[in-house]
Amino acid sequence: MKPALISVLCGVNLETVRKWIRDGKLKASITNRTKEYRISDKDFIEFLKKNKKKLNTIVNNLYENNYDANVDALRKDAPELYVFICEYELVYYTNEIHKLEENIKRLNHDLSDSTRKHTWYKIYLENIKKEISRLNNK
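Numbering (my numbering), first residue to last: 1 to 138.
Take these hints with a grain of salt, some might be off.
Label pairs and their computed distance ranges (CB to CB) [what the hints assert, rightly or not]: (1) Leu111 to Asp72: 40 to 48 Å; (2) Arg106 to Lys53: 26 to 34 Å; (3) Lys105 to Gly11: 19 to 27 Å; (4) Lys35 to Lys105: 39 to 47 Å; (5) Leu14 to Glu64: 18 to 26 Å; (6) Ala4 to His109: 49 to 57 Å; (7) Thr57 to Thr119: 34 to 42 Å; (8) Glu96 to Tyr121: 16 to 24 Å; (9) Ser40 to Asn136: 27 to 35 Å; (10) Leu111 to Ala4: 48 to 56 Å; (11) Glu80 to Asn136: 20 to 28 Å; (12) Lys105 to Thr34: 18 to 26 Å; (13) Lys76 to Lys19: 26 to 34 Å.
Simulated from the structure, these hints should not be mistaken for lab results.
All C-beta atoms in this analysis are idealised placements derived from N, C-alpha and C, irrespective of residue type, glycine included.
Taking the hints into account, I'd like the entire structure generated from these sequences.
Below, the structure written as structure tokens:
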């Protein structure tokens, strides 16, 4: 992968990626022909494992900017990274769904019959159910 692609994915300046390389935070090799940095999928994945904030930024950027085209390009150009991001999203959304389901159970348990009649609790429960449904559809 070229540093320019990593800068776009992470939402940072190209010089920031070069600084990560110089500082040893991101492993890279230099090509013989063009004398440019190249980063393997594996090395970039290791970098992301240590920098969850950057991983979250990539996932958010994929969703905000033409998701299907970005994912197709990522699948083609960086298959290992694509698989890593898919696995990360699966774990993340599974955890989010679990948290929301636990919230519903807790609310249903904590609320007495008279409190359940309050409209705002009903709205809150419905919103959680909608969020679960939305996450399940991703």
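Could you see if the CB distance from Thr57 to Thr119 stays within 34 to 42 Å? holds (38 Å)
Honestly, do Lys105 and Thr34 meet the 18 to 26 Å range at C-beta? violated (57 Å)
Between Leu14 and Glu64, is the Cβ distance one that fits in 18 to 26 Å? holds (20 Å)
Is 26 to 34 Å right for how far apart the beta carbons of Lys76 and Lys19 are? holds (28 Å)
Kindly confirm whether 27 to 35 Å is satisfied by the beta carbon distance between Ser40 and Asn136. holds (34 Å)
Could you say whether the range 40 to 48 Å given as a hint is met by the Cβ separation of Leu111 and Asp72? holds (46 Å)
A range of 49 to 57 Å was offered for this pair. Does it hold for the Cβ distance of Ala4 and His109? holds (52 Å)
Tell me if the beta carbons of Glu80 and Asn136 are separated by a distance inside 20 to 28 Å. For Glu80 and Asn136 the Cβ distance comes to about 27 Å; the hint holds.
Honestly, do Lys35 and Lys105 meet the 39 to 47 Å range at C-beta? 59 Å Cβ-Cβ, so the 39 to 47 Å window is violated.
Okay, Arg106 versus Lys53 on CB: inside 26 to 34 Å? holds (29 Å)
For the pair Glu96 and Tyr121, does the Cβ-Cβ distance stay inside 16 to 24 Å? holds (21 Å)
Confirm or reject the claim that Leu111 and Ala4 have a C-beta distance inside 48 to 56 Å. holds (53 Å)
Figure legend: structure checked against the earlier numbered hints; hints not met, in rising order: 3, 4 and 12.
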